[in-house]
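Make the full structure from the sequences, and use the hints.
Chains as they are written, first to last, in the working numbering: chain C, 1 to 467; chain L, 1 to 464; chain F, 1 to 260.
Watch out, some of these pointers could steer you wrong.
[Stated by the list, open to error] Keeping only pairs whose Cα atoms sit at most 25 Å apart, straight-line, the calculated PhoX-like set for lysine-lysine is: (1) Lys-113(C) x Lys-182(L); (2) Lys-51(C) x Lys-113(C); (3) Lys-51(C) x Lys-182(L); (4) Lys-236(F) x Lys-412(L); (5) Lys-455(L) x Lys-412(L).
[What the hints assert, rightly or not] Now the stretches of chain F that chain C is said to cover, found in silico as 3 or more residues with beta-carbon under 8 Å: (6) 74 to 85; (7) 98 to 111.
By construction, these hints were calculated from the structure, which means they are not laboratory data.
Using N, Cα and C, we set each Cβ at its ideal position, and we do this for glycine too.
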Amino acid sequence: MSPFESLSLLAVTEWARVFLLRDYNTRIVLCGTVLLGIAGGVIGALMLLRKRALVADVASHAALPGIGAAYLLMESYRPDSGRWVPGLLLGATISAALGLLFAQGMGRIRRIKEDAALAITLSLFFGVGIALLTWIQALPTGHAAGLSEFLFGKAAALLARDITSIAVAGGIAVGVVVLLRKEFCLLCFDSEYALASGWPVHGLDVLLTALVIMMTVVGMQSVGLLLIVALMVLPPTAARFWTDRFEPLLWLSGTIGGASAAGGVILSALVPKFAAGAVIVLSGSLLFALSFLFGTRRGVWWRYRGTAATQRQIALDDLLRACYEILEPYLHSPDALTEHPIAQSELLQKGRWSLARLQPLLRLAERSDLLRRDFQDRWRLTATGRRAAIQAARNHRLWELYLIHYADIPLVGADRSADAFEHSLRPEILEQLETMLETQSPRLTVPSNPHAPHDPKLSATATEVRP
Amino acid sequence: MNGPWSDWGLIDTWIVITAALAAMACALPGTFLLLRRESLMGDALSHATLPGIVLAFLALHALEDAGWLSASGFAAWRHPALFVGAAITGVLCGVLTEKLQRWGRMEPSAALGVVYTSFFALGLLLVRTSADQAHIDPGCVLYGNLEMVITDTIGRTGIPRAVAVNAAMLAINAVLLIVFYKELQLCTFDRDLARSLGIPADRIHLALIAITGATVVAAFDSVGSILVIAMLVAPPATAILLSDRLQSVLIGAVVVAAVTALGGHLAALAVPAVIEGVFRTTTTSSVSTAGMMAVVSGTLFLAAWCFSPRHGLLRQWYDRAHLRQRILSEDVLGVLYRLEELRPDVTPGADRASLAATLSVAPWRLWRALSRLTKRGWIEPGGQGVMLTDVGRTIARGLVRSHRLWESYLAKHFIVPDQRLHQLAEAAEHFVGPQVQQALAEELEQPLHDPHGSKIPPADHNTR
Amino acid sequence: MHFMNNASPPLNVHDLTVAYQRQPVLWNVDYAAPAARLVAIVGPNGAGKSTLIKALLELIPRATGEVQFFGQSYAESRQRVAYVPQRTTVDWDFPVTAHDVVTMGLYGRLGWFRPVTRAARLEALEALERVGLADFARRQISQLSGGQQQRVFLARALVQRADLYLMDEPFAGVDAATERTIIGLLQALRSEGKTALVVHHDLQTVQEYFDDVLLLNMRVIAAGPVATVFNAENLKRTYGGKLALLDQVGHQMVLAGRTQ
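If you want it as structure tokens, here you go:
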């Protein structure tokens with residue numbers, strides 16, 4: 001076997017080992033990290049909706065001094081016990097809670113706004129933490145190297161007992177959310193109404209903050225405190241592009257969190273050089289990017305496709321309306337609209353397009369069977385084009401009238417994908433507008449309603465409809 | 001003296017100078033971020049520039065390893081390369097955040113959170129991966145290593161390169177601030193007005209973010225990418241608690257920043273001794289100066305919060321206590337006056353016990369008020385206990401006038417039961433100054449009696 | 001101090017004073033609302049109308065005063081009082097549909113930890129029908145027009161089956177059709193014996209829509225049936241501008257931390 005073949009064989013078996021989860025370590029790590037991802041996603045969704053997305057960042061940074069202090073206390077009490085994880089986690093929790101209380105207290109000073117309070121708390125506590133950490137790291141006892149695991153995480157090296165704490169915390173968090181899902185929904189949506197209805201808004205907020213602190217502290221072991229906030233911010237923002245409802249958002253956010261955790265763990269198992277925590281976050285970023293682009297509810301791809309088509313339609317309508325206006329003086333003769341030629345220079349005189357923009361537009365109109373070329377730069381409307389031009393001019397003038405006379409009445413049925421302009425106005429208003437146009441503004445003649453059933457694609461577009 | 005600072009050397013001086021220059025450079029844009037409620041933007045920027053910085057480092061190292069760059073060339077190109085790398089990612093971060101907001105209809109803080117955490121993860125990934133090659137120390141990146149950075153000096157001058165870089169950054173920031181002071185001030189205070197006056201508020205905003213990013217990168221060496229947040233936020237926040245005008249706030253922020261640097265290093269040297277004492281271990285290690293700078297900056301902020309002469313907590317407590325005393329003193333005068341009015345034939349004055357009972361106040365508080373009044377010559381011992389002096393009577397008359405005018409005013413505009421009128425006026429009379437009194441009298445057209453029928457004392461032309 | 005009338009009025013306010021963000025906003029409000037009537041709360045901007053509603057519901061703290069609903073405290077009578085807040089207080093991008101929002105009105109009745117039952121959702125749907133939005137039940141709320149959003153909030157209050165409705169500017173920025181729907185609903189409620197206190201800004205329609213009026217400008221100017229109270233002189237006093245001296249002195253007092 002050539003070296004190349006043996007190498008590829010090695011790679012394949014390695015991949016198989018990882019993917020089939022034959023590796024005990026990978027199983028453990030996967031289990032714990034996915035649980036973390038799910039719980040983090042759910043809690044993060046609530047925090048996002050409660051408009052406190054970055055609180056997790058402050059909590060995680062504020063936890064650092066607690067870890068350092070807990071280590072020192074335990075070491076001085078009983079040497080070599082400094083790294084007892086439950087003690088460190090307890091220290092982290094207390095410190096994080098103190099930090100958030102501190103930030104809240106500072107927010108009461110009138111001159112210091114909420115963002116500054118959070119930033120000061122974050123930097124102050126983190127500074128203390130760093131000071132402690134650097135000092136501990138230089139101690140001769142030297143076990144402190146493990147403390148930096150809290151900063152950067154040891155996702156790839158999680159042990160079974162670490163998983164227990166993650167599983168318990170995650171289970172409690174998700175369980176509380178399941179029990180209190182309607183209460184949290186109300187809290188996030190309309191806390192004033194909740195207060196008036198007798199719900200303990202402050203208590204619920206404290207509970208939510210406690211859950212965040214719990215997930216932050218527990219999650220630090222996996223991806224580290226610098227990145228734990230990402231596990232709570234990326235999944236819900238990604239999930240938002242797929243759904244417009246509250247409970248689906250929560251559970252989808254959890255799913256995406258779990259999926260990005262799984263992806264990250266697998267990937268970092270395959271390429272051990274990569275720090276697992278960062279890879280997990282980056283898989284989350286990837287899922288976010290995919291959701292942003294292709295999410296069925298608000299994905300950019302779908303909206304862009306709609307928009308491009310819309311823009312084309314608007315451009316064509318403008319062109320047709322210009323044609324109509326040019327031909328208007330000749331309307332007394334029956335077939336003027338299709339027979340009379342339109343010169344390109346006349347269109348240019350309208351001042352709406354430069355030559356560079358006009359020519360492709362004319363070609364587009366030709367392809368859409370709206371115009372046909374007479375000579376080099378003379379054009380005529382086709383039969384289809386004639387109908388479309390009438391429709392375009394009519395819509396535009398009705399819209400102008402509406403703005404002038406009825407602008408204080410909002411559009412009914414704000415269905416944003418309305419195609420035809422007329423459907424967005426109530427029938428009686430439409431009739432009034434038409435009568436008004438005919439009687440009061442003879443200068444502004446409205447083309448008669450084309451009797452052919454109009455092709456929705458040729459009518460006025462959504463942007464003319466939106467006020 | 002054999003304390004922790006007895007070994008102060010040239011290195012320490014350079015450390016303090018570098019840190020001070022970095023902190024002062026940060027304080028200037030940080031003040032505007034604070035005023036615009038964008039402090040967390042500084043946090044985001046420092047996180048987001050990480051991948052660019054690391055990539056620049058790695059590129060330089062690759063060049064050095066490949067032999068295209070000498071060691072001295074590396075040192076010379078280091079800072080520009082860092083800037084370029086950080087600039088690229090910083091701009092990318094800003095652009096992406098804006099696009100996410102606009103195209104994804106996301107909230108600004110959510111968009112920011114997504115972008116900067118992703119960038120930071122990428123940066124951390126790069127750092128950890130290349131840490132094996134011992135090129136970049138993750139801790140150093142996060143919280144700097146002033147002690148090491150000082151050793152990199154420019155040529156033969158012995159001046160650390162970091163000093164030059166940070167001094168240049170400070171100079172640039174200061175010049176830009178002076179030149180564009182008016183525009184910055186207006187855009188921060190009232191963006192719409194600025195726009196309507198033709199000032200390009202959006203571009204100024206972008207420029208502010210760009211300068212902040214550059215400053216963050218310049219300070220990167222000294223304090224690392226995380227603690228720079230402390231320098232951006234805490235000194236300006238401290239200064240804001242101490243003064244009311246933008247110019248003073250800016251100057252104050254710079255001063256506080258310098259003090260922070262000095263204090264931070266002093267503390268970094270002193271803290272190990274303290275920890276040893278508390279935890280009974282022995283060591284000769286030191287603590288990160290950057291970390292202690294963050295601690296000192298927070299401490300200064302807390303100190304300002306408590307002791308600020310105008311807005312501090314202590315000042316508030318003092319003001320409140322002072323007010324309580326004043327009100328009590330005035331109540332005493334009022335009671336004495338009304339007694340005289342009610343029973344003009346009886347011996348004037350009242351004894352302490354009955355005063356305390358009437359005013360429902362603790363005897364020691366009353367005693368303090370009485371001694372204060374006596375010292376000012378408004379009451380004197382006599383009559384039934386204490387009684388008004390002539391001066392005191394004038395003042396009391398003014399108070400009663402305020403009280404009764406206020407009752408008339410309330411009765412005119414409100415539907416208030418009579419008993420309540422008195423209660424309300426009792427509270428309000430201490431806040432009716434001479435001008436308000438005059439305005440009241442004018443509005444009510446110089447009334448002679450209050451709603452209860454009591455006579456309203458005439459105005460006195462030398463009121464308190 | 002307790003009042004126990006035989007037929008306790010839906011709302012009884014005694015000597016309510018509120019200071020809000022360092023400014024006194026309401027002074028010594030005394031008011032008793034009559035049952036089964038539609039009451040308009042009218043006054044200029046900054047008169048404290050929204051503040052009054054919020055203070056009654058204990059959403060902002062009171063400096064002094066006693067408030068009783070049907071002879072009891074707010075905590076005891078919460079089920080009988082429904083609140084329709086101003087539309088602008090809510091984030092319209094929140095992932096809920098119109099149906100979801102109306103269902104929230106039933107959460108109180110469902111209680112802690114219980115899931116939302118089918119019956120509850122049906123009830124919510126019925127309330128949506130009453131306001132004419134049954135077809136829009138599954139729309140996310142940002143896809144509704146201003147008038148429709150207002151009606152959703154109204155439906156949320158209706159579903160509580162309360163006896164007293166407190167509404168903050170329900171007619172602000174809605175179209176004529178929605179306005180007619182809302183007033184029709186209010187009149188139906190009145191015929192069922194319910195009471196509604198409505199903060200209203202359009203003086204033209206007060207006489208047409210409402211039975212009683214409460215004229216407010218930081219203090220009660222006048223209160224009672226529209227026919228007698230809603231006249232030019234009272235309106236002049238209501239809209240005649242702020243009491244400058246009251247403002248000044250009040251500001252000093254609040255700054256010093258005393259509002260009595």
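Earlier hints that do not hold, by number: 3
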